[in-house]
Amino acid sequence: MELYLIPLVFALVAAISPKNMVKYIGLAGAVATLIATVLKAMAFQTGSTVLVYDPELVSSFGLTFKMGYDGMGLFMVLLTNVIVPIILLSNLNRKVANERGFNAMVLLMQFALVGVFTALDGILFYVFWELTLVPIFLIALWYGATDSKKSLIKFFIYTFVGSLAMLLSLMALGTQAADFSHESLVAVQLTAKSACWIMGGFFLAFAIKIPLFPFHTWQPATYTNAPMAGTMLLSGLMLKMALFGMIRWMIPLAPEALGEMQFLVITLGLIGIVYAAIIAIKQNDIKRIFAFASISHVGLIAAGIMLFNTDALSAAFVQLLNHSLVAVGLFLAAGILEDRFGSRDITQMGGVAKVAPRFAFWFAVIAFASVSVPFTSGFIGEFLLLKGLYNYNWVVGLIAATTLVFGAVYTFRAYQVSMNGAATTHPFKDLSWNETLAFFLIAMMIVIFGVYPQAIINFVGPSLENLKGLIQASNNIVQ
Amino acid sequence: MAIDKLILLIMALPLLGAFVNGTAGKYLPKKIVGTLATLVMFAAFGLALMVFNRLHDTQIIHLFQVLNLDSITLNARLQVDSLSIWMTLVVTGVGALIHLFSMGYMSHDKGYYKFFTYLNLFIFAMLILVLGSNYFMLFFGWEGVGICSYLLIGFHYSDLEKGMLNSIAARKAFIMNRIGDLGLLVALFLILNQFGTLEYNELADRILVDKLIPSDWMMLGITLMLFIGATGKSAQIPLFTWLPDAMAGPTPVSALIHAATMVTAGIFLVVRSNYLFELAPTTQDIMLYVGLATSLVAAFIAMRQNDIKKVLAYSTVSQLGLLFVALGMGAYTAAIFHVTTHAFFKALLFLGSGSVIHAMSDEQDIRKMGGLKKFIPITHLTFLIGTLAIAGFPLLSGFYSKDEILAHAVMHNGVIYAVLMFSVALTAIYMFRMYFLVFHGEFRGSAEAKHHLHESPLNMTLPLIVLAILSVFGGLLNLPGLFFEKGTHWLSHFLEHNTRGLELIHSVHLETSQAMLLMGSAVVMTICILIASFVVYVKRGSLAKADSELTGWELASNKKLYFDEVYNKLFVQPIEWIGKMSHQVIEVAVLNKSISVFTTAIGKTGDLVRKWQTGYVSNYLLWMVLGIVGLVVYYLLKF
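Sequence order for the protein chains is A and B.
Positions 1 to 479 (our numbering) are the ones given, in order, by the first sequence.
Positions 1001 to 1639 (our numbering) are the ones given, in order, by the second sequence.
To be clear, the hints were calculated from the coordinates, so they are not data collected in a lab.
Just so it is clear, the structure is predicted and the values come from calculations on it, not from any experiment.
It is possible that some hints are incorrect.
Between beta-carbon pairs, the in silico distance windows are [unchecked claim]:
id, chain 1, residue 1, chain 2, residue 2, range
1, A, Asp430, B, Glu1448, 32 to 42 Å
2, B, Leu1016, A, Asp430, 57 to 67 Å
3, B, Lys1005, A, Pro427, 44 to 54 Å
4, A, Ser343, B, Lys1110, 42 to 52 Å
5, A, Asn458, B, Leu1016, 42 to 52 Å
6, B, Lys1593, A, Phe160, 19 to 29 Å
7, A, Lys95, B, Asp1365, 22 to 32 Å
8, B, Lys1368, A, Ala145, 27 to 37 Å
Note that the Cβ used here is the ideal one computed from N, Cα and C, for glycine as well.
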């Protein structure tokens, strides 16, 4: 219960506390949540399901209020509660127009995200899913670029339409189920055709959020216009809701449609991998480069998830973590460059490495992690995902693997053009302590899970097996 | 200490050096930084020698399990056998000498501690590559050395003029390597699917003992993909153009990474997988011809290069081509022999060129050198030995190792032998050209440069001397059976004794008369070229032409056969164009536009619906009545 209460309470406190204290209260709240989560994780037995809230109460329309987590859910909660403090930490030395609103919104976001990852009831999942939209919208609106309203409206309408499709699917499925709890929804047997519709609804919502090609057009504009923290939240956590949603909800609820949809989604993911990477090669806006890079990376994860076998799913979780860390790191670097240069155009930068060696070092570490070199968590994740796709179809695997090459092209171009070359004359302050610490924490986790990814796999593996068992038991199909 | 502890220590030492220098190096005096980095290398080499002495059979050292899933188990595991310990000796031995050299060479550099951190890190990655017990570890190290190579090529990234160029060279190297890595990755997937394991030993058991041999096509696929990986790292056609550009890195880096060790990783990979390649004769042929073409093309380009390091770089590419010819003929031990001697004399030549560049105040153009032999005598002498060794001068190390490959070629196919001889001749020609232009004749640089000419300090000349001695006597490792009855082919026997697959390869040696003839012709050719070069460059005093005077084949050679330009037109520009167009057309014009239409439509609908909410009861009543009428009409019509 404290997983929800701490961020919520701190969000309220932050909204009314004195201005000069707000930042630290916000950070304290996030760290407190993290500690609570770690305690939960230590007590957690892999493979079990812990119900946080189960009132044995079913409302007239089948809402069960079931909240709880298994290994996968807890992993995502951990991820959320690790990333949020890092985001707040890296923002400590930045000024925002309204500290209270900002910290309250980030914590509210954290609350909503924890809700999404622990909801075991379809309706609750939907409610939390929609709730996340409020803080991110306000953060982007209040603190983003001044001309960002239009792109924000587009983002809002876009994701809202997707969510509606998901709601329709949920309702359609709910009419056939005893109630809206996860297990009841999974137990429903569907004809292949109706399963396609139901999965299609979920898919639209998730494809927009992830985002997959061709539903991604809101993303580059929103990422570039949002303030640094907003972009970090969007790329580091919000899109993970959708990938997690695919694993927890979309596929288990309508597994009958997996065969039909598999090819479609993998193809879209594949197009995204190559398409976004090729576009990223020629962009000059650093945030936009990383935005397209993100599309490319998540396309691979989404395609891997659709394989829905143990290897690919385990890899997907490793890669979820990796992408969160890398995306937050990259956008932190981009934010620092934008902040100090007052521009996002890399052709106007250059020569930073000479004057800010500390920043150059940490940015390089993140850049290397982004191209998935050994000793970083992306290495194993990418290796396994590509292997899965290769086994699915060697052409698919080969096309996906071009990310190895293109990733190096755009990442190093972005890094070298902005950082290398003769020393810049523009005044450039090297990292402050909080930024260094944020980079260090990110890099540390990247390396730890790069050398020992088995920790993640052990954590989520049994729950994955349970989920697959559940699907098999209720649908008599063998995946 | 047992072998497993020793091996762990060997790996830990460079890592320790990198860690200490990486974290505290900034605050330590240069002396300590350099000494520490160099000491760990010498210590590692000493330990490797101990292991070498004690090693009797293959040892597996299990570290930990990286990954364990139903379908795949990846282990961090080391394997010590003849091949891996031999490579370890080469890497740590040559590496130690180059570290020592760097202490002097880099002494004025601000990034001193960084340089040694990267260098030690490179050694660590390289040791993972050669000591790993499975293809996964190999891939790990493979990518690891790629990163270090990237960091070191672009080491002077903030240089006033060349900073960005260095960065671009580094990026190019990394990307071209990545293209090769793609092949290696696919090979890994294929092996995993086919055999269910990536462990060398298990794989060898399946093939050599259980005879579980997949179809020819599968073997072709696996080996071809492995070879594509090798072409990236070992700079073969079509992926060789990064290596000459990699000369942007400091010279010790070129010596260590881009000549002696990293670029031989591809050869190591093929030797390690020899039993796979033996089952894929088509791949062997492809390897042979690609190697042959590379050897020839690179040697041709080297003829008219005027940057001292570029000549050596193309020479490295050419020698690597030669090595792949050997591998294509199944001459694995001969290849490792040449890898070893090449490591000696090419490291020597690169370090020598470093010493020259050091003396010349960072000038690399041989047209501005000349007559250096009296200014830098030790460098001159050692460079001469290196040149003679690579040119195949009798009784020096390159003579034996090259001759062994040539002997295999004779047995394989007369035409290949002839082409190979031509490539060897070109090597001698361009090497002597460079040697005479640099060290003989009159000094052609500025008076100020002449004033600064000086011999390098002892910590730079000492490695040169040691490498020169090795270049002279390296041939003793694998003497042909001509002169003695015993003690010949020592290295071949050593490798065959304890490397999976190699023991099965039947090595044939030429008859004595044939071998004598072969050696004789090689000797005559080398000496003829030496004399001719002497006449042309010393007696007649010919000089390298200015770029504008070049025509015909000289221009083609000087322009590197336009490989970069063609690649640019063929791959880089189209992809960039697609990227640009995708953004302008698909992204902005099609997708964004259609979404905008959609969102505007929603906005408009909102406006429209809002207007219905007029607030007048009469309006609402009207709508209600209309609704009722509608319903009544509907039901009337329905029944």
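Now for the hints, and whether the structure bears them out:
Distance hint check for Asp430/A and Glu1448/B: the Cβ-Cβ separation is about 38 Å, which falls inside the suggested range of 32 to 42 Å. Checked against the hint of 57 to 67 Å, the C-beta distance between Leu1016/B and Asp430/A comes to roughly 28 Å, which is inconsistent with it. With their beta carbons about 53 Å apart, Lys1005/B and Pro427/A fall inside the hinted range of 44 to 54 Å. The beta-carbon spacing between Ser343/A and Lys1110/B, approximately 29 Å, falls outside the hinted interval of 42 to 52 Å.
The hinted range of 42 to 52 Å is not satisfied by Asn458/A and Leu1016/B, whose Cβ atoms lie roughly 30 Å apart. Remark: the range hint 19 to 29 Å for Lys1593/B to Phe160/A is upheld by a beta-carbon distance near 20 Å. Restraint check, Lys95/A to Asp1365/B: a C-beta distance of roughly 53 Å breaks the suggested window 22 to 32 Å. Take Lys1368/B and Ala145/A: their Cβ atoms lie about 54 Å apart, and the range 27 to 37 Å is violated.
Taken one by one, the earlier hints fail for this structure at numbers 2, 4, 5, 7 and 8, listed in ascending order.
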